[in-house]
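Which chain is which? The protein sequence lines are A and B, in order. FYI, the numbering for the first sequence is 1 to 242, going by full-length UniProt numbering. FYI, the numbering for the second sequence is 1 to 261, going by full-length UniProt numbering.
Everything labelled a hint here was simulated from the structure, so no lab data went into it. The model shown is predicted, which means the values in this text are computed figures rather than measured ones. Glycine included, each C-beta is placed from N, C-alpha and C at the ideal position. Where hints are given, some of them may not hold.
[What the hints assert, rightly or not] Residues from chain A that keep clear of chain B, each with C-beta distances beyond 12 angstroms, as calculated:
#: 1; residue: W3
#: 2; residue: V4
#: 3; residue: E6
#: 4; residue: P70
#: 5; residue: S116
#: 6; residue: G123
#: 7; residue: V143
#: 8; residue: G185
#: 9; residue: A200
#: 10; residue: A211
[Stated by the list, open to error] According to the in silico footprint, chain A covers these stretches of chain B (three or more CB under 8 angstroms from chain A):
#: 11; region: 150–163
#: 12; region: 168–180
#: 13; region: 183–192
#: 14; region: 198–208
#: 15; region: 215–221
So you can see what is in the structure, the chains are spelled out below.
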Amino acid sequence: MTWVWEHLGDIGGYAVSHALLAGIPLLVGLALALPLGWLARRFPRVAPVIVGGSGLLYTIPSLALFILMPLLLGSRILDSINVYVAMTIYTVALLVRSVVDALGSVPEATALAATSMGYRRVGRALAVELPLAVPVLASGLRVAAVSNVSIVSVASLIGYPQLGYYLTDGYQRSFPLEIGVGIVGCVLLALVFDLAIRGAEWALTPWARAAASSSAAGSRYSAIAKRWRNTSTRQSEGVGTR
Amino acid sequence: MIAQIWQWLTAPEQWSGSRGIPTRLLEHLGFSALSLLLAAAIAIPVGLWVGHTGRGRSVVTIANAARAVPSLGLLFAVAMFVGPRITSNLAFVIPSVVVLVLLAIPPLLSGADAGVRSVDPAVRDAAYGMGMTGREVLWRVELPCALPLLLSGVRAATLQVIATATIAAAVSLGGLGRYLIDGLAVSDYAQMAGGAILVAALALALDGLLALAQRLLVSPGLATRPSQRRHGKFPRARGVAGGRGRVLAPAALTTHGRDLT
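The following block holds chain B by itself, in its conformation from the complex (with noise of 0.2 angstroms):
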């Protein structure tokens, strides 16, 4: 089996061609990085708005609660609905990206929020001590220091999309989901499986890759805060720890789960 597995995915013929991985990799990439942007630009501003001013909580706890909505029922829902409507041939692209980026929204929201929120009240007071005004702080400060649990965010929705990215092969959307939903469709073992590898290579890269960017982004300042110091044995292991890379991303997020219901 796995002797099949390798042939298919070493084959000419799998890396040329408009279905050859190569070009399904770029499709996947392209749909999740454009949902992940629009996604990003409506929610990032939002939650550290709503983590500035502490209005419009209600808004984080919404979005968290549309998480417990089963994301292949969203896919098929809004594919049903949306793709129809919509008579170019980005019919079968429209829903999928509307899905992704509705499913980004939520993780990235909290994210923000939350990192906001985390924010030491004394760095807070200390900055509107110095003379700043609100937006100053937002950016200088707040901001820098809401990262680690904003990329956090990153991180989770990063996750969502690639992997939902793949269900929306269903919906007749590119990407290294094809092969996963084609081989099932023709019981071609050999091709799902060298798919799924495909699709857990690529998860697996990004998040690394992002975990990189988050130790790189993330002050070292903020991995020794004083609030993390009195869980003794583990102060790096927790919280801003997201920052280090080695904690599961969603986990490292912080805010309004309880309200799933």
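So that you can see chain A by itself, here it is in the shape it has in the complex (with noise of 0.2 angstroms):
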């Protein structure tokens, strides 16, 4: 354990760098999924094409997406800006369909009474859709980060520094407790992500917290958080990572 402390500090480093491969792409792929999963829905004739086309990009395997992205951007294998362009565009994959289902989540009474009160599409879409479909959109976003801790540490394979540098150096040095710092500082590092996302749910959703305290009274917000919990449930699933 002594190495543990010996090295915290570089831990402690890692660990930053870590966070920043897989939250950064995470944000990035958010804001360029919203729109897309925007788009699927109010064009359903193009929905197949980027609902499906944004999954295929999720098949490919990370260590492959690492290895060719300098080909499609030009950089050099080294640079770190092809771990975050591949890792945004596993986020936009996993995210849109998150995207779609959370925009559809939304009651059509509820956007139709925002359009009836004067919303236009884009506003309603902002003011009004966005802000209901955050359960759901969490739990894809939490899907996401946990996948996204795991694939970075695959990066270390190519030579990235971040917490995967104590797997593939314990494996080399036959040093079986920094392989653990390894897998104990990816869990940890997916659980505090994990625990952000459900913090900022928590914080966006003033809304679902007062109708689960007046179910009681069988009202109609009880049957939409009701509803939106099943959603909820259905679509945060843990996916695979690679």
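Mind assembling these two chains? They're in different frames, but the hints should get you there.
What follows is the structure, given as structure tokens:
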């Protein structure tokens, strides 16, 4: 264990770069997936192309994608931009479907009510549908976050420094403790991401809590909230990671 | 650069011998198929049983939580502990296959469980009402109705195994991953990229084949379940739509992701 204490500074540094490599693509991917998912719902004709096409990207194994990135970007093999872009691609691949499902979880009546109150299409999407889509979106985001944290560690095979370094280095030196540090570090980081997204979801959905506390009255809110919970349960599922 | 990759891919020495592409491809497929069969033999019966009886759901929860473990870490850890204990020339193969089986189990397990649980309770009750025994209900009603999600689980597991078998070249497994790892070791980008293209093509081709199989195997009657209709504009792009092969396989699975932590 002394090894862990001696290297605590390094471990922290690698954890931060790991968090950045997994977290920044998560935010960028979300920003890209939102309009794509909205388009897919708005134009059902192109939905299979958008949802299916982005889904296909997730099938490409991570090591292969990391290696092919310089070819697409014209970057050098050790540029960290390769990892950022590859992780953004995976995030978009997972989240487009989540966005479509999340927007689909908004009750038709609510959307129509917003229209009758004078919201235009884009305004309605941003001010009414997006906030109500947060629970389903958050569950998709949590799946993507755990997936990203695991995939980023694969990049250590090519030599990008992050927690995955302890996995490759520990294996090369036959040092189980170091591999343990890498694994525990990744799992803890995934947990931190999960808690952060849960926290953001909690902060962004005060109406869900209000609905939960008034559910005894059998109000309409509670019915809606229940449906949301069902959708988000169905939606959130552990995705295989590479 | 592209010319060099093309040259690597089309060079005659790449297409014959024990290091040639056909051999590596067969190795890759062989390890993957073996691991998937072993994992399916364990996970699908357990998943169906959990879904059917509703007992032991914690098994599925634990398996899903275990997915937060990075596959690369699992690979190196198992290779380090199991490898030295095996003296035969299978020392490189067995640890990798163990890891591939472990990684394939969670998606298969939750696919089978979620599939059986997604069966409309009215359908299940009707089957019991017709006098079917529990076993008949499972085999003749629940299993066919569970196929969309079950096969989505198979697709997710397959992609997982193909991807991890690539990485397993780092612990000396054969297969297409060798080109990526060996090319990296000698800074031969053409070899790395050529191998990466082959791996990506293999993954895409297998996913396409499985999507086709899903479409052929799933009863067309399942495409328009009443519970899907309320989603208005997207009656076919959700849930069971995994069966239509257009949808991302992993996301078509539907269970305990929130238990990931």
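Do the hints match the structure? See the list:
1. W3: 16 angstroms, holds
2. V4: Since the minimum Cβ distance to chain B is about 16 angstroms, A/V4 lies beyond 12 angstroms and the statement holds.
3. E6: 21 angstroms, holds
4. P70: 8 angstroms, violated
5. S116: Its Cβ never comes within 12 angstroms of chain B, the nearest being 18 angstroms, so this holds.
6. G123: 20 angstroms, holds
7. V143: 5 angstroms, violated
8. G185: It is violated; A/G185 is separated from chain B by about 9 angstroms at its closest Cβ, not greater than 12 angstroms.
9. A200: At roughly 15 angstroms from the nearest Cβ of chain B, A/A200 sits farther out than 12 angstroms, so the non-interface label holds.
10. A211: Holds, because the least Cβ-Cβ distance between A/A211 and chain B comes to about 19 angstroms, which exceeds 12 angstroms.
11. 150–163: holds (count 6)
12. 168–180: holds (count 4)
13. 183–192: As far as the region 183–192 of chain B goes, the hint holds, because 3 residues have Cβ atoms under 8 angstroms from chain A.
14. 198–208: holds (count 5)
15. 215–221: violated (count 0)
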